[in-house]
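Novice: From first to last, the protein sequence lines are chains Z and W.
For the first sequence, counting from 1, position 54 maps to 70 in the numbering used here; every step adds exactly one.
For the second sequence, counting from 1, position 164 maps to 174 in the numbering used here; every step adds exactly one.
No wet-lab data here; the hints were simulated from the structure.
Cβ coordinates follow ideal geometry from the N, Cα and C atoms, glycine included.
Do not take every clue at face value.
Unchecked claim - Subject to a maximum C-alpha distance of 16 Å in a straight line, what follows is the list of computed EDC-like cross-link-like pairs (lysine to aspartate or glutamate):
id, chain 1, residue 1, chain 2, residue 2
1, Z, LYS200, Z, ASP133
2, W, LYS32, Z, ASP87
3, Z, LYS197, Z, ASP133
4, W, LYS25, Z, ASP133
As the list claims (entries may be wrong) - Pair by pair, the computed Cβ-Cβ distance ranges are:
id, chain 1, residue 1, chain 2, residue 2, range
5, W, ILE120, Z, LYS206, 31 to 37 Å
6, Z, SER62, W, LYS15, 43 to 49 Å
7, Z, ASN27, W, LYS25, 24 to 30 Å
8, W, ILE120, Z, LYS24, 27 to 33 Å
9, W, PHE38, Z, LYS78, 14 to 20 Å
10, W, PRO33, Z, GLU66, 16 to 22 Å
11, W, PHE102, Z, TYR207, 44 to 50 Å
12, W, LEU39, Z, LYS159, 30 to 36 Å
13, W, SER36, Z, LYS200, 34 to 40 Å
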Amino acid sequence: MDIFTDEKNLNDEQLAVLSLEDQIAFSILVNRYKDKIFNYIKRISSFSDEDVRDILQEVFLKVYLNLNDFDKNLKFSSWIYSIARNQVISSYRKFKVRPESKSVVIDENIIKKFVFDFNIENEIDNKLTNKIIFDVFNSIKPKWKEILILKFFEEKDYNEISDIILKPVGTVASMMNKAKKEFKKTYQEKYINY
Amino acid sequence: MIEEKFTEKLIEKIKQEKITPKPKWSFFLKNEIIWITGILSVLFGAVSFSLIVYLFKAGQTLATGHFGGSFWQIFLTIVPIFWLVFLALFTFLAFLNIKKTKGAYKYSPILIFLFSVVASIILGEILNMFGLGQKFDDLLGRRIHPAFYKNFMNPQIDFWSNPEEGRLSGLIIEINNDDSLLIRDIDSKEWTIYFSNSFFNNNIKFKKGIPIQCFGQKISNTEFQVDEIMPAGPGREFFNNPGIRNKFIPNKQIKPDFIPGGLIK
């Protein structure tokens, strides 16, 4: 087994520590997260693919620059999502545009879980597509949209969401309730009699 | 999907631009600065609170019928708004700094705010238990510009400098006999005060150079009949402030001069 294969077996946190000395370790981390973070940025923003790529590059450069600030008590994934989120916010400030989600292909199982969790199976008659979901997302407040995306599409638990959006777990739980209510209400207003 | 070459390009950019992770010490320093600023803010808040408690306790005599002002006049004379603002400001700074520390986001901002307030109050009370509230006031009275101290930090100075309304304070410059003293007030004016049949508060010992304050009635432009006499409280070191002392005693300094068997009642 060569060094590269050995490193591939390490977890994210171990790779993050190793990346300080070894760019191969960092490239493994980049490969693990580039698609996830690319999709996350697309889901929470309205930037073009090209802009998202630039933002993604900025995210990984910030990760690299701040490796020594990584708190080993946190999950690496929470840390990189948090950096990505902050980078999107800075880009919005820079371009002064409103966040608006792009419809991106979502795994069918995630859609099913989302529909089940919202208890809207009977209402939609299988019409709840990616497009509809993101249309509703774009009609609700960005803070509600963001938390729903983290929970249902990025599949983060409350503790991870707390580490990403930097709010207490209790606040995350309460925001989640409000976000679900807001989503369902908006969905019903827009599509229930559709 | 992001193309495979993304990683390669990124690593190339890192190499070409010689980008290296920021050193550990820079994050350590940043965190330490946040913590130190937070702790200092709590300490300044605590000092403000110890002064508020000291001024409040010492100012209780004002609220016992000697002063006919409204509640807010009495309150703001006892506890000047300056220290309340100072306390609020540093408590808020402590809150902002604690909120910026790593992991603080796990706690509710309300909880962090309450912690900042309670920390300043408890620490302030502890400082006051060790008499530091008084010591801070002494230091400020001595060192701060007289006009600023009198107008913002301790309105009790003005309260005790109103013979028309029966309140007088000053530094003892001469002990005449068993029932009168010569004092100088903060405007450098000399008063002979008579204290036969007076109430002596706090086991007062008369010595040259110590500040006293009294309730009573003005008899003439240079004489005052005392009802109640006590050692000066907050602002007692104001008389040692160079700005006051120089105007006050141009040619000589009054030094405390213990008189054995002084007038203790």
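Novice: Could you work out which earlier hints the structure fails to respect and list their numbers in ascending sequence?
Specialist: 4, 6, 8, 10 and 13
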